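J.: Residues per chain are reported as follows:
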Amino acid sequence: MGAVLNGHFTLITGRTLEQGKSLHEGKDSEAYRSATALVEMNPEDMAHLELEDGQAVRVRTSAGQVEVPVRAGTVPPGLLFIPMGPVANVLIGIETKSTGMPPFKGLAAEVVPR
Amino acid sequence: MSARTSARVIEHVVCSFCGCLCDDIIVEVDEGEITRVRKACASGRGLFTRYDPTPRQPTVDGQEVDWKEAIAEAARILDEANSPLIYGLSSTATEAQRKAVALADKLGAMIDTTSSICHGPTDLAMQAVGEPTCTLGEVRNRADLLVFWGCNPAVSHIRHFARYSVMPKGTLTPNGRRDRTVVVVDVRPTSSTQAADLFLQVQPGADFEVLSALRALLREKEIEAETMGGVPTAHLQEMAERMRTCRFGVAFMGMGLTQSRGRDLNVSELFTLVAELNQYTRFCVIPMRGHGNVAGADQVLTWQSGYPFAVSFARGYPRYGPGEFSTVDVLARAEADAALILASDPVAHFPRVAAQQLERIPTIVLDPNRNLTTQVARVVFPTACYGVDAAGTAYRMDGVPIRLRPVLPTVRPTDAEILDQIIETVQQC
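From first to last, the protein sequence lines stand for chains A and B.
For what it's worth, our numbering labels the leading residue of the first sequence as 1, then goes sequentially.
For what it's worth, our numbering labels the leading residue of the second sequence as 1, then goes sequentially.
Wrong hints could be hidden among the right ones.
Derived DSSO-like pairs: lysine-lysine, alpha-carbon spacing no greater than 30 angstroms straight-line [what the hints assert, rightly or not]: (1) 21/A to 68/B; (2) 21/A to 106/B; (3) 39/B to 169/B; (4) 106/B to 68/B.
These are calculated hints, taken from the structure and not from any lab test.
Quantities reported herein were computed from a predicted structural model and do not represent experimental measurements.
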């Protein structure tokens, strides 16, 4: 296991084209799993953490942690994006601030290379 | 005419996958099977091509049983519960949604929709500041400024740009795209920002700040800071001027506002900005509703109970409680001791702690397809799919009700029929 890094990220989750298409194949299908089990990161952040495209990383929030492959994305530095789905849900807390809405976007997160 | 005897081409079919409810789909049916789907987007196509309409028996604890037995078991679970929860409603027809409310009323149950985790904060904002709205037909024919705030239609509502907003040629927009200015506001570049004339990239969690700055600029207040929420103030000045001087502006908004820090306050700020813009021009806002009939779920629950989501009938009359009767809160606090899930998949979309609670309590699911929630449910009813093999009504994201006509014969029971039988079987609370 790698060391916990000082770099703190903001995590957002959301819909992707692949997630939308693959859910029709069944949420237990390989297509859905691979569409939802990944984290997008800014290439500069990846270089800073010496991460290769496709390398497994552990993403951790106060709610939980998951191990997913990292992919270079269009997110700005400091931001992480994980498609909505069962993998992202592990990282989402239950504090709804009296609205009913869990914090699906804007979570503090850490990234640990595997 | 029987669908089993000859091939048919059915035009003007409505796709009920997302809140666009595109009504120009062409479906070819042969020998009772869908053989070709034209015009649908990548997400909507699967609604027709991946659905298997073969009748299946309901299950109790994974074992196939007859319908009567499954109804009896569902009624027994609901009767024995002290605090039952009904959740979902967004991918079924209004005819079934009103039955779900009737069941909640009879049981003294909590009832909540998937709005809870999509546009529930938008509902709160509408209640706080009102809703300056219009139809997508008006957008098509009149809008010369489109603002997409915290949404990514190129991925979530794939034909929205082409059919309703950016591209169409309308009465006052005869040149289509060339007659419109498109602004996208988001925390990151997306497929949608590529279609924009102006992209404002805000810092995560700074939407309220940026919206407040726009309100101030609209009132000709001076802002000394060079950037607001990560956006150069000069760009916001330009944006405010575009909004003030357009002929007909429309803001479309999504989860970027409702799920970020501030939630309903972000949406209230946008709705207030839009209301204030009407001092200068015509401006409207339309929430990008996700599921095919989630807008209908809001409509039905509101006309039946007075409230759009997070309602409890426990005291014999409807009470409203976002944070109290909203499903993620209820499950996280283990306050429901049975659940009926109608046409949604909370195990796939809830925070894990809330989703796991559905495995601990007896859960009943009505859904045309297998999903992650059917896998943990005690009772599963494989029902017909409205718009594919059953008729019904759905509300488009702009609040326009649209009739869903089936392209296949209705063989499976519908959600409304099953709910009717459960209502007849359960005891009055």
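J.: Among all the numbered hints in the text so far, which are the ones the structure does not match?
T.: 1 and 2
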